[in-house]
Amino acid sequence: MILTKDLTKIYSNGVVALDHISLTINKGDFAFLVGPSGAGKSTFLNLIIRRELPTSGLLAVNQRNLATLKQSEIPFHRRSIGVVFQDFKLLPRKTVYENVSFALEVIETPPKEIKDRVYSVLELVGLLNKAHVFPSELSGGEQQRVSLARAIVNRPLLLLADEPTGNLDPDTSWEIMDLLKEINKRGTTVVMATHNREIVDHLRKRVIALEHGKLVRDAPKGGYTLEN
Amino acid sequence: MKIRTFPYFLREAFRSLFRNSLLSLASVAIITIALLLFGLFFLFIANLQHLGELAWEQVEIRVFLEQGYKNPQTVGQQLAALPGVKNVTFIPKEEGAIFLEKILGEKNLFSAEENPLPDCYRLSLTGTAEPAAIARQAASLPGVEEVVYGQAFTRFLRLVLRLGLVVGVVLLCLTVLGVLYLVINTIQLTVFARRQEIEIMKLVGATNAFVRWPFFLEGIILGLGGAMLASVLLTKGYSFLLQQLSSYSRFIPLLSGNGINRTLILALTAMGLCFGGLGSLFSVRRYL
Ligand SMILES: Nc1ncnc2c1ncn2[C@@H]1O[C@H](COP(=O)(O)OP(=O)(O)OP(=O)(O)O)[C@@H](O)[C@H]1O
Ligand SMILES: [Mg+2]
Numbered sequence: 001m002i003l004t005k006d007l008t009k010i011y012s013n014g015v016v017a018l019d020h021i022s023l024t025i026n027k028g029d030f031a032f033l034v035g036p037s038g039a040g041k042s043t044f045l046n047l048i049i050r051r052e053l054p055t056s057g058l059l060a061v062n063q064r065n066l067a068t069l070k071q072s073e074i075p076f077h078r079r080s081i082g083v084v085f086q087d088f089k090l091l092p093r094k095t096v097y098e099n100v101s102f103a104l105e106v107i108e109t110p111p112k113e114i115k116d117r118v119y120s121v122l123e124l125v126g127l128l129n130k131a132h133v134f135p136s137e138l139s140g141g142e143q144q145r146v147s148l149a150r151a152i153v154n155r156p157l158l159l160l161a162d163e164p165t166g167n168l169d170p171d172t173s174w175e176i177m178d179l180l181k182e183i184n185k186r187g188t189t190v191v192m193a194t195h196n197r198e199i200v201d202h203l204r205k206r207v208i209a210l211e212h213g214k215l216v217r218d219a220p221k222g223g224y225t226l227e228n
Numbered sequence: 229m230k231i232r233t234f235p236y237f238l239r240e241a242f243r244s245l246f247r248n249s250l251l252s253l254a255s256v257a258i259i260t261i262a263l264l265l266f267g268l269f270f271l272f273i274a275n276l277q278h279l280g281e282l283a284w285e286q287v288e289i290r291v292f293l294e295q296g297y298k299n300p301q302t303v304g305q306q307l308a309a310l311p312g313v314k315n316v317t318f319i320p321k322e323e324g325a326i327f328l329e330k331i332l333g334e335k336n337l338f339s340a341e342e343n344p345l346p347d348c349y350r351l352s353l354t355g356t357a358e359p360a361a362i363a364r365q366a367a368s369l370p371g372v373e374e375v376v377y378g379q380a381f382t383r384f385l386r387l388v389l390r391l392g393l394v395v396g397v398v399l400l401c402l403t404v405l406g407v408l409y410l411v412i413n414t415i416q417l418t419v420f421a422r423r424q425e426i427e428i429m430k431l432v433g434a435t436n437a438f439v440r441w442p443f444f445l446e447g448i449i450l451g452l453g454g455a456m457l458a459s460v461l462l463t464k465g466y467s468f469l470l471q472q473l474s475s476y477s478r479f480i481p482l483l484s485g486n487g488i489n490r491t492l493i494l495a496l497t498a499m500g501l502c503f504g505g506l507g508s509l510f511s512v513r514r515y516l
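Residue numbers (the working numbering), protein chains in the order written: chain A, 1 to 228; chain B, 229 to 516.
Check the hints yourself; a few may be wrong.
Stated by the list, open to error - In silico DSSO-like links for lysine-lysine, alpha-carbon gap of 30 Å or less:
1. A:LYS205 <-> A:LYS112
2. B:LYS230 <-> A:LYS70
3. A:LYS130 <-> A:LYS89
4. B:LYS430 <-> A:LYS70
5. B:LYS321 <-> A:LYS130
6. A:LYS112 <-> B:LYS430
7. B:LYS335 <-> A:LYS89
8. A:LYS112 <-> A:LYS5
9. B:LYS230 <-> A:LYS185
10. A:LYS205 <-> A:LYS70
11. B:LYS230 <-> A:LYS94
12. A:LYS221 <-> A:LYS94
13. A:LYS130 <-> A:LYS5
14. A:LYS89 <-> B:LYS430
15. A:LYS115 <-> A:LYS94
16. A:LYS5 <-> A:LYS181
17. B:LYS230 <-> A:LYS5
18. A:LYS181 <-> A:LYS205
19. A:LYS214 <-> A:LYS115
20. A:LYS115 <-> A:LYS89
21. B:LYS464 <-> A:LYS115
22. A:LYS27 <-> B:LYS430
23. B:LYS298 <-> A:LYS115
24. A:LYS205 <-> A:LYS115
25. B:LYS230 <-> A:LYS112
26. A:LYS214 <-> A:LYS94
27. A:LYS181 <-> B:LYS230
28. B:LYS430 <-> A:LYS94
Claimed, not checked - Derived DEER-like restraints, expressed as beta-carbon distance ranges:
29. B:LYS464 <-> A:ASN13: 52 to 60 Å
30. B:ARG514 <-> A:LYS27: 31 to 39 Å
31. B:VAL460 <-> A:GLY166: 55 to 63 Å
32. B:VAL395 <-> A:LEU53: 28 to 36 Å
33. A:THR68 <-> B:GLY465: 57 to 65 Å
34. B:GLY465 <-> A:ASP87: 23 to 31 Å
35. A:GLU113 <-> B:LYS464: 21 to 29 Å
36. B:ARG514 <-> A:HIS132: 30 to 38 Å
Hints listed in this document are in silico derivations from the structure and should not be mistaken for laboratory results.
Ideal Cβ positions, reconstructed from N, Cα and C, are used throughout, including at glycine.
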């Protein structure tokens, strides 16, 4: 699903955000991406959706080398990936329903299909009763779930979540985690960047740890830190 | 891009227009003002050209024949065949004598046998003719003694017309650029207001064309709105002006009627559409 070899990203200001990362994430995997702030987690996710270009090294997603991906192919590459952004990225002037249906409309899903799919995904995240409410009227956890609904409504092969439990209380965090596990169970590969020690330690999934852009640990059933 | 997505684009365009109604109204107003300016110069140039052609038609060339030349008709036919010649009138020397007598106020100036005046042709020209060239060609015809026309007047007229045309076209071009600049700047505001939406669209896999379409339609609608307003204002204003000037119309023969209105509306609509569409495409570009 994701294959990197000596993947390096140096921003134009000289910051080395990723430094010779080599790893493989297989189809159906569930992987936590951990590390201190500035370790390069978001950079890694941004490279995968081709918001950024690798400086050197190989990055292949779905057997496609992202370094040689044409501009015109980028939208189609992104359609196979769902992303939950740390800052939600919801449109304030669209309702919950519209925020989710938007993701289907822009990829030209037949209108007849859109309604069913949006309602079923809203049901999955437990927001059916808030479908016609604007994001500003939702709690942080609810907005997070709208963001998740939008990410999965297109049934992506790969789901990237950048701190989807940031700023959430423990209960809501666990609700989100249950959803991610459920989505993973249905066959979607999940990569989640997080600072949430409790969740990582409890779920015992694969842990990929970064520090200053370097891969410092890749454990199959790891904890948040090595001591665990 | 699929055809069935088109209603979506239209819906999005109208939604955005109404959601940012204040900005939309401001855009239409600015486009209207810019197009009004354009239309004014357009009318100015069209009328200048019209007046120029009218004045040109006043230019006359007189072709005097050699004394006693035998075939004045042949010369007449050759003159009529010259390009740019509208009318050829023969003035036999007898008529010339009557004319001279009238001016001098004397009767029986010459007897029929000893009339020393030459036969003469009077040529009137079309609006686009070149008097100097026609005069030269006429002078080289056999049997022609002398060719006379208002050289100073035609030179002056040509200078004034050329100057007016150059000034008008330069101003017109400047307004065209000005309109484009204004339209781009105005539409950029609406695009800026939606940059977050563009970013998210792109992140969930929208193609650039998909992002552009609603903005393109929005620009076209704004441009069309401005063009319609400007057309109404200008044609009404212009016919009001004509009406006010109607008592002087013999002295100021401005263009009138449906022809100029139609041309004007067509030009304004084309400008509005092009600039609205192009302006929005240009504005979206930096966010793609
Ligand atoms: N667009 C950018 N231009 C320049 N430098 C950047 C850019 N984005 C990130 N960086 C730098 O790259 C490094 C890694 O940033 P990144 O956002 O990937 O870290 P992170 O692991 O996601 O951190 P956090 O846990 O705080 O989200 C940081 O030093 C950051 O300042
Ligand atoms: Mg980050």
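Okay, which hints does this one fail, numbers in order? 1, 5, 7, 8, 9, 10, 12, 13, 17, 19, 21, 23, 24, 26, 27, 32, 34 and 35
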